[in-house]
Amino acid sequence: MSTVEERVKKIVCEQLGVKESEVQNTSSFVEDLGADSLDTVELVMALEEEFETEIPDEEAEKLASVQDAIDYIVAHT
Amino acid sequence: MSLEGKTALVTGATRGIGKAVARALADQGATVVGTATSAAGAESISADLKAAGAKGFGIVMNVAEPDSIDAGLKEVTEKAGVPVILVNNAGITRDNLLMRLKDDDWSSVIETNLSSVYRTSKAVLRGMAKARWGRVINISSVVAGMGNPGQANYCAAKAGVEGFTRSLAKEMSNRGITANCVAPGFIDTDMTRKLDDKQREAMMEVIPAGRLGEPEEVAAVVAFLASEAAGYVTGETIHVNGGMYMG
Numbered sequence: 001m002s003t004v005e006e007r008v009k010k011i012v013c014e015q016l017g018v019k020e021s022e023v024q025n026t027s028s029f030v031e032d033l034g035a036d037s038l039d040t041v042e043l044v045m046a047l048e049e050e051f052e053t054e055i056p057d058e059e060a061e062k063l064a065s066v067q068d069a070i071d072y073i074v075a076h077t
Numbered sequence: 001m002s003l004e005g006k007t008a009l010v011t012g013a014t015r016g017i018g019k020a021v022a023r024a025l026a027d028q029g030a031t032v033v034g035t036a037t038s039a040a041g042a043e044s045i046s047a048d049l050k051a052a053g054a055k056g057f058g059i060v061m062n063v064a065e066p067d068s069i070d071a072g073l074k075e076v077t078e079k080a081g082v083p084v085i086l087v088n089n090a091g092i093t094r095d096n097l098l099m100r101l102k103d104d105d106w107s108s109v110i111e112t113n114l115s116s117v118y119r120t121s122k123a124v125l126r127g128m129a130k131a132r133w134g135r136v137i138n139i140s141s142v143v144a145g146m147g148n149p150g151q152a153n154y155c156a157a158k159a160g161v162e163g164f165t166r167s168l169a170k171e172m173s174n175r176g177i178t179a180n181c182v183a184p185g186f187i188d189t190d191m192t193r194k195l196d197d198k199q200r201e202a203m204m205e206v207i208p209a210g211r212l213g214e215p216e217e218v219a220a221v222v223a224f225l226a227s228e229a230a231g232y233v234t235g236e237t238i239h240v241n242g243g244m245y246m247g
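Chains as they are written, first to last, in UniProt numbering: chain V, 1 to 77; chain E, 1 to 247.
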């Protein structure tokens, strides 16, 4: 079973079309990985599906980096 | 055929324009799921597609009810896969002069003709975004642009659909998803058969083509917008009205 970190990074790669080597924990979705507003919506939806959870809009807005997403998932699943 | 392997959802497909659209998309090779408000309607859609040797079937779905849309989409996805072509055709009229229009006439037309388009579109968008391909085609009406006495509710809903479509087009273009409207004029369907002779005569005077349109003539434009060839057409309203109104 993969760790939360591995699963989050895999989804980030799939959704944003970036290589695994480009994705660091500190990477910002928008600034480092080139996500636009629609990408971030899709990314959150993909995370919700993978981890079978619901991320409220006000929480989703705060998820700016890979580490933010990992922390959120760990705390809420 | 160009739509082979793709699933299309057509609302209000038992008769008129919806029925012709279902057939036209099926002719292009799509698997077509048509919606009806009754079980008998759904069966007639299945029978019609089967008789044409086409892939697809009818389901019961009431676009005025959010729960029914959720259940319908679940059924479509389970039986035919994620729809990547959505044709919002289902609609009603509750005509009356504004001074006599009831709240219920207003809200039922807005719910069925406008809110339904928001709900079905939202429900299919995710699948289309994943597929990086999608077509949302909304059936508007010539009266959205022209206005029509006795149809303030219907005109408001249809004009709303056109504005909605333009926003959707801008939001989703970079995912290979297009959103367009087709605005029919007077087409020979049950909706226009309700008119009396005097109304029909008056209509003919404003239609340069001098005749009503056929449902198939609307369906042909929908089929084009659904095709690969129309990939760069988005946010557009195409009029099919024999020249009575040109926007």
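Hint data in this document are derived by calculation from the structure and do not stem from the laboratory.
Computed from a predicted model, the values in this text were never measured in an experiment.
Glycine residues also receive a C-beta, built at the ideal position from the N, C-alpha and C atoms.
Worth double-checking, as some hints may not be accurate.
[Unchecked claim] Pairwise CB distance ranges (calculated):
hint, chain 1, residue 1, chain 2, residue 2, range
1, E, GLU43, V, ALA64, 47 to 57 Å
2, V, ARG7, E, TYR118, 30 to 40 Å
3, V, GLU50, E, GLU228, 25 to 35 Å
4, E, MET99, V, GLU48, 43 to 53 Å
5, V, GLU49, E, PRO208, 46 to 56 Å
6, V, THR77, E, LYS74, 17 to 27 Å
7, V, ALA64, E, ALA131, 21 to 31 Å
Worksheet entry | GLU228/E and GLU50/V - C-beta distance against the hinted 25 to 35 Å | holds, 32 Å
Practice prompt. Mind checking the hinted window 21 to 31 Å against the Cβ distance between ALA64/V and ALA131/E?
Written response: holds, 28 Å
Worksheet entry | Cβ distance range 30 to 40 Å for ARG7/V and TYR118/E, holds or violated | At 33 Å between Cβs, range holds.
Discussion item. I want to verify a distance hint. Is the separation of the beta carbons of MET99/E and GLU48/V within 43 to 53 Å?
Written reply: holds, 49 Å
Worksheet item: Between GLU43/E and ALA64/V, does the beta-carbon spacing fit 47 to 57 Å?
Response: Roughly 52 Å apart at Cβ, these two residues keep to the hinted range, so it holds.
Discussion item. I want to verify a distance hint. Is the separation of the beta carbons of THR77/V and LYS74/E within 17 to 27 Å?
Written reply: holds, 25 Å
Worksheet item: Should the hint that GLU49/V and PRO208/E are 46 to 56 Å apart at their CB atoms be regarded as holding?
Response: holds, 52 Å
Against the hints set out earlier in the document, no violation occurs for any number.
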